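Q: Next come the chains, spelled out residue by residue.
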Amino acid sequence: MSELAIELKGIDKSFGLVHANRDINLKVRKGTIHGIIGENGAGKSTLMSILYGFYQADRGTIEIDGRKVDIRDPNAAIAAGIGMVHQHFMLVENFTVLENVMLGAEESQILNAGITKARAELKRLEKEYALEVDPDAVIEELPVGLQQRVEILKALYRKADILILDEPTGVLTPAEADHLFRILGQLKAEGKTVILITHKLREIMAITDAVSVMRRGEMVATRVTKETSVEELAELMVGRRVLLRVEKGEAKPADIKLSVKNLTVRDSRGVTMVDDVSFDIRAGEIVGIAGVAGNGQSELMEAISGIRRAASGSVTLAGRPVDVTGHADPAELRKRGLAHVPEDRHHVGLVLPFEESENAILGYHDDPKYRNGFLLDIDAIRADAEEKIAAYDIRPPNARLKTANFSGGNQQKIVLAREMERDPQVLIIGQPTRGVDVGAIEFIHKRIIGMRDQGKAVLLVSVELDEIRALSDRILVMFAGRVVGERTPDASEGELGLLMAGVEGRKEAAE
Amino acid sequence: MSVPYAKLPGWAEYGLIPLVNLAVAFLISGLVVLIVGESPLEAAYHMVNGAFGRGEYIGFTLYYTTTFIFTGLAVAVAFHCGLFNIGGEGQAYVGGIGVALACLAFDRTLPWYLVFPIAIVGASLFGALWALIPGWLQAKRGSHIVITTIMFNFIAASLMNYLLNRVFKPLGSMSLETRTFDAGGQLPKLDWLMSIFGLSVGSAPFNISFLLALVAAFGVWVLIWRTKLGYEMRTMGHSPAAARYAGIKEARIIVVTMMISGGLAGMMALNPIMGEQFRMQLDFVQGAGFVGIAVALMGRSHPAGIIPAALLFGMLYQGGAEIAFEMPSISRDMIVIIQGLVILFAGALEHMFRPAITRLVLGLTPATRATVTKGA
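Taken in order, these protein sequences are the chains called A and B.
For reference, each letter of the first sequence is one residue, going 1 to 511 in the working numbering.
For reference, each letter of the second sequence is one residue, going 1 to 376 in the working numbering.
None of these hints come from the bench; they were simulated from the model.
All values derive from a computational prediction rather than experimental measurement.
Among the clues, some could well be false.
[Stated by the list, open to error] Away from chain A, derived, C-beta distances all over 12 angstroms, residues of chain B:
{"hint": "1", "residue": "V24"}
{"hint": "2", "residue": "V36"}
{"hint": "3", "residue": "S39"}
{"hint": "4", "residue": "Y113"}
{"hint": "5", "residue": "L282"}
{"hint": "6", "residue": "D333"}
[As the list claims (entries may be wrong)] DSS-like cross-link-like pairs, simulated, lysine-lysine; straight-line CA separation at most 27 angstroms:
{"hint": "7", "chain 1": "A", "residue 1": "K335", "chain 2": "B", "residue 2": "K228"}
{"hint": "8", "chain 1": "B", "residue 1": "K228", "chain 2": "A", "residue 2": "K369"}
{"hint": "9", "chain 1": "B", "residue 1": "K228", "chain 2": "A", "residue 2": "K402"}
{"hint": "10", "chain 1": "A", "residue 1": "K335", "chain 2": "B", "residue 2": "K249"}
[What the hints assert, rightly or not] Covered stretches of chain A, as calculated for chain B (at least 3 residues, CB under 8 angstroms):
{"hint": "11", "stretch": "330–339"}
{"hint": "12", "stretch": "346–356"}
{"hint": "13", "stretch": "364–371"}
{"hint": "14", "stretch": "374–382"}
Glycine included, C-beta positions come from ideal geometry on N, C-alpha and C.
Input sequences plus hints: build the corresponding full structure.
A: What follows is the structure, encoded as structure tokens:
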């Protein structure tokens, strides 16, 4: 019977009227990996921020190792032996690994002694936990997986016994994620306690000992991982039964609707982001682009939809060329039947301070049916929005509500309704379910399949490999701006993972 | 992760919060008056009486209000597009050229109601052209509009100095101004409007350009919320990335917005030139372009807010002059302090009392609770 590393009693926290945490009780046993899952907005991050001292709870107590502690700020959390690895790394990009690890723990004004000590300590930690990383490497030159390792080292260097990881695998390839899990296993073996926040049920099942489920600010259940199932956890998260598998029939590909040839895109610094990419998409098929975020997928979508100018190459939309290297105009492409659900709905796909109805016409606001002579026809716009709200079950059903006040899933539905209801020939869709609750994911996936079955050509980009595999008829893997392989959806995850990491791809390109 | 503000009902958002801010500004102004050794109550009396005590005073207050509506609208229009146009001062000044040219050309041959439209076109055209250059530089070269418009204020001042000296000044005259316009270059006063309320406008230069200001305010509302151009401007203002995604031509919208903004600022020149002095003088704008920034901030860039905000500043100007006149130890600079405090509390510290008011209001009316969904 192991003792408790953390015990939270009756934690309660409100922000204004938002009750983020309600009377949360949580027990985490020492030397275990404890998962916390929940939909976006369930209060996971708030709870961990309270534990790490970013926020103070309105009520409730925190006990570490059976002692009641008052965690007023992150320094107090560190003193209590808590370390945190944030979703977005808190590293100084142009410092070395050693400098980053030392930062804030220098111990004296003159750094020499501290450096020697830190170097020795890093060596020891590396050996003990298999956390190899060159102490003199500069952070910005390290791959994401290693940067994350530096974050873990930072916490261990500060003598953390309890490590909180917030969505650690979002930026990792499957191989990197596996490596991380091995490290976590090693930490556990050394008696450390790990709290893993995630929304990926598979990860929970793979490495945790126990799992707690949060829903709408409440802790709804804690289970021993071995005694639960993905289905049960999903149901606990959403509060109802969820269909995890996407039902889909055979694809019936027809003629080519979108053809990309030798497309190369550079960013503003002149770095090649998309490198000589070619592919075709036919009517009635979904082509998925798998890849770790930042490997050129965003730039590819932007170039095709006319938002970003391509350096070279050509794109043909429904048989007619698109001037991607010159004056491709997103508005013009829309009229030609290209719909685009952008990856970043908060800043690109929607204008959050707008009324829902105003966002329902974004990009299509030139349409004469929204015009009444010189003026916008507000009645027509609202009526149109209300139709879409009904068809896509957008909640709350209020076309005049500020878009920022809708949940992530409903915001995404606003974008989808706008782009899909235009009956496009080609649909480009990026991260369709990022930040979307499980319930809405089901709905969105069905709609995407529905578009395919209506004979649309769909280009799907997602960093969620499961999503790509579930929806796509063909999968292209992008790595470092290149398409490094094409696979069918029944390709194993390991195979795709290697491609995403650029391992297989290099071999293939060399052959 | 930011702490979300709960949504307040409209009356609290647009009524209570500005009033509390204003009250605090006046309270601190009162303290300043007290420190100077005068009675704040007396000052308050002179302020209100000086602004509204008689038909003539009201006429002056509304005269200033007219000016501030134009410059406030100018700032607000640019603001909706995410542009901070600090150059209203210079645009209004240069807009004066349009008014002066129209009046000098036609004041002896045409009646005012024909000269007025020409002057309106002239004022907005010159103001728009003066804003076009910074707008173009922003759109095509990325030169920051705040910097360029400030610099253009100085260029405008020098240009006008030159023009008044070398071009507009009649031969043999000592003062830097155009000749006085004849009847065709003089706008009628709004005595009839005042007499409806049983008031007399007296010597106040309250003229027909006030009605033009109200029309302009309505026009701005239509533009921003009811036209495609306004929709595109607002999209740009909130999110340039969304605007690009929607296929909105960024450069075009910036230039057009700045021209509309400059045109509105330019129309301000009608009020002092055709409505009061009947000639164009050196420095006739007198800081109204800058007051426009405060008016737009207080009025939340909405015409329905800009009109009362302009009235408030009109009152501060007129009532303040009265305080300075009646209470010798309080100089005109005192009024600048009060205006500064109003700007400080209404603009910069806008959110200072919000959390407290939110708790109070929502505690009182639990029925209106509307929660803001928060990302975790």
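Q: Evaluate each hint against the coordinates.
A: Cross-check of the supplied hints:
1. Every beta carbon of chain A lies more than 12 angstroms from that of V24 of chain B, the smallest distance being close to 22 angstroms; the non-interface claim holds.
2. With a least CB separation of 41 angstroms from chain A, V36 of chain B remains clear of the 12 angstroms interface cut-off, as annotated.
3. The non-interface label for S39 of chain B is consistent with chain A: the shortest C-beta to C-beta separation is roughly 41 angstroms, beyond 12 angstroms.
4. A cut-off of 12 angstroms between C-beta atoms confirms that Y113 of chain B is not in contact with chain A; the least separation is 26 angstroms.
5. At roughly 40 angstroms, the least C-beta separation between L282 of chain B and chain A is larger than 12 angstroms, which holds for a residue marked as non-interface.
6. Chain A leaves D333 of chain B outside its interface by the beta-carbon criterion, the shortest separation being 39 angstroms against a cut-off of 12 angstroms.
7. Between the alpha carbons of K335 of chain A and K228 of chain B the distance comes to roughly 17 angstroms, so the proposed pair stays at or under 27 angstroms and holds.
8. Restraint check for K228 of chain B and K369 of chain A: the C-alpha separation of about 12 angstroms stays at or below 27 angstroms, so the hint holds.
9. A distance of roughly 19 angstroms separates the Cα atoms of K228 of chain B and K402 of chain A; the hinted pair therefore holds under the 27 angstroms criterion.
10. Only pairs whose Cα atoms come within 27 angstroms are accepted, and K335 of chain A paired with K249 of chain B is accepted, the gap being roughly 16 angstroms.
11. Counting residues of the stretch 330–339 of chain A whose beta-carbon sits less than 8 angstroms from any beta-carbon of chain B gives 5, enough to reach three: the coverage restraint holds.
12. Three residues within the 8 angstroms Cβ limit are the bar, and the stretch 346–356 of chain A against chain B gives 8, so the coverage statement holds.
13. Note: the stretch 364–371 of chain A has 3 residues with beta-carbon separation from chain B under 8 angstroms; the three-residue rule is met and the coverage holds.
14. Note: the stretch 374–382 of chain A has 4 residues with beta-carbon separation from chain B under 8 angstroms; the three-residue rule is met and the coverage holds.
In terms of the numbered hints stated before, the structure departs from none.
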